[in-house]
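Participant: My request is simple: use the sequences and hints to build the entire structure.
The chain contents come next:
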Amino acid sequence: MIKGVMRPGHVQIRVLDMDEAVKHYVELLGLIETGRDNQGRVFLKGWTEVDKYSVILREADEPGMDFMGFKCVDEATLDTLAADVRELGIEVKEIPAGDLPDCGRRMQFVAPTGHTFELYATKEQTGKWGISDVNPEAWPRGLKGMKATRFDHCLLYGDDLEGNLKLFETLGFGLAEQVLDPEGNKAALFLTASMKEHDIAFIKHEEKNKFHHASFYLDTWEDVLRAADLITMTNTSLDIGPTRHGLTHGQTIYFFDPSGNRSEVFCGGSYFYPDHKTITWKVEELGKAIFYHTRELNERFLTALT
Amino acid sequence: MAIENACQISVTNRQQVFKVPKGEPLLMAMEKLNQRAIDVGCRGGGCGLCKVKVLQGDYQTKRMSKAHISEEEAALGFALACRLTPLSDLELESDHFPLKK
Ligand code: FES
Ligand SMILES: [Fe+2]
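Sequence order for the protein chains is A and B. Start counting the first sequence at 1; every next residue gets the next number (my numbering). Start counting the second sequence at 307; every next residue gets the next number (my numbering).
Everything labelled a hint here was simulated from the structure, so no lab data went into it. All values derive from a computational prediction rather than experimental measurement. Quick reminder that beta carbons are idealized off the backbone N, C-alpha and C, glycines included. Keep in mind that the hints are not guaranteed to be accurate.
[As the list claims (entries may be wrong)] Simulated restraints, written as ranges between beta carbons of each label pair:
(1) B:LEU393 x A:THR116: 38 to 46 Å
(2) A:TYR271 x B:LEU405: 32 to 40 Å
(3) B:LEU393 x A:LYS3: 52 to 60 Å
[To be verified] Computed footprint of chain B on chain A, listed as stretches where at least three residues anywhere in the stretch have a Cβ under 8 Å from a Cβ of chain B:
(4) 61 to 73
(5) 98 to 104
(6) 128 to 137
Facilitator: What follows is the structure in structure tokens.
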């Protein structure tokens, strides 16, 4: 928030089959469908989110992530931050309002790791789903599957982590946690614009622009366990969990959508203020940093990407 | 126990032979048998870990990520085992994922 970035606002994910994908994100994760556009894209949100959508699904030949957007406090912030990003030598494209339905203008740029990010400040607000904003009930009835409350963060893989760190620090993000190799090079970055331990994370990888997972927040460990039950009941492709991460200390389960994009639901974890010292994990203990209980990476963690 | 209506799968590079029921995606059928002849990733045609080259036999595929199987490669017998359903006995090579650690 230091420079006006509030939160991860949306992510556009490519899928191989839209009907199968909608089943995964709506019936299993429990996101709410809030719209479709004439290109066949489907718009979804978690029930606690006030904006109209946070997940956009697009059918394509190749799964993965098209872009991730961060919502900023106001329109003026977009111009200041765009200028700051241009100062780094990164080209920023202004996409007019309405290109994404019900969304204002977006400032879009490609990060040094090859991922496309954008900043925006305006999106139609439909309020939390199923409850009023006056004397609201605790939760709405009729939620499906895991009842994911919100889109929380993404983990992405790419090559130039030093470049991304510079970019995200320019956007006012703090480095809550990092993984360092014995030479002191960054092997992972967990960055936040808020009190959350991460709003976006990167892991070092030889290719550019790879997607590891999109994550959704649940309230309790019991909910994570119930998510695991649903993964079995629906014969969904499980990656690993339920377990705990060392990094961020969140409680988690990883699984895959029907196009091979990894999903995460998680709860808990640490918190961050701008005066917090960056937490460091050594790459020699990467197993424990990622999966705190087994203390070893499963074979897929570093390779199964889209 | 003999499986009725089974296809015999020979994974030549790992010298493994096993039988899977007809009509099931190869990778998941292999997992149920506790066989480890092909690497398992997302099981959704996205990550490429299960990339194989079919040397002999008939099969069907569901949509596979273009990033891992181009049209030219598909024509040469490359496929993702999680999207491949055998229609006959198959002879194939696994370990065609280029970034294997
Ligand atoms: S396991 Fe990921 S493409 Fe087959
Ligand atoms: Fe995560």
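Participant: Hints first: check each against the structure and report whether it holds.
Facilitator: Verification of the supplied hints:
1. B:LEU393 x A:THR116: 38 to 46 Å: Roughly 40 Å apart at Cβ, these two residues keep to the hinted range, so it holds.
2. A:TYR271 x B:LEU405: 32 to 40 Å: At roughly 35 Å between Cβ atoms, B:LEU405 and A:TYR271 fall inside 32 to 40 Å, so the hint holds.
3. B:LEU393 x A:LYS3: 52 to 60 Å: holds, 58 Å
4. 61 to 73: Answer holds; 4 residues pass the 8 Å Cβ test.
5. 98 to 104: Violated, because only 0 residues of the stretch 98 to 104 of chain A bring their Cβ atoms closer than 8 Å to Cβ atoms of chain B.
6. 128 to 137: violated (count 0)
The structure does not agree with the numbered hints 5, 6 stated previously, though it agrees with the rest.
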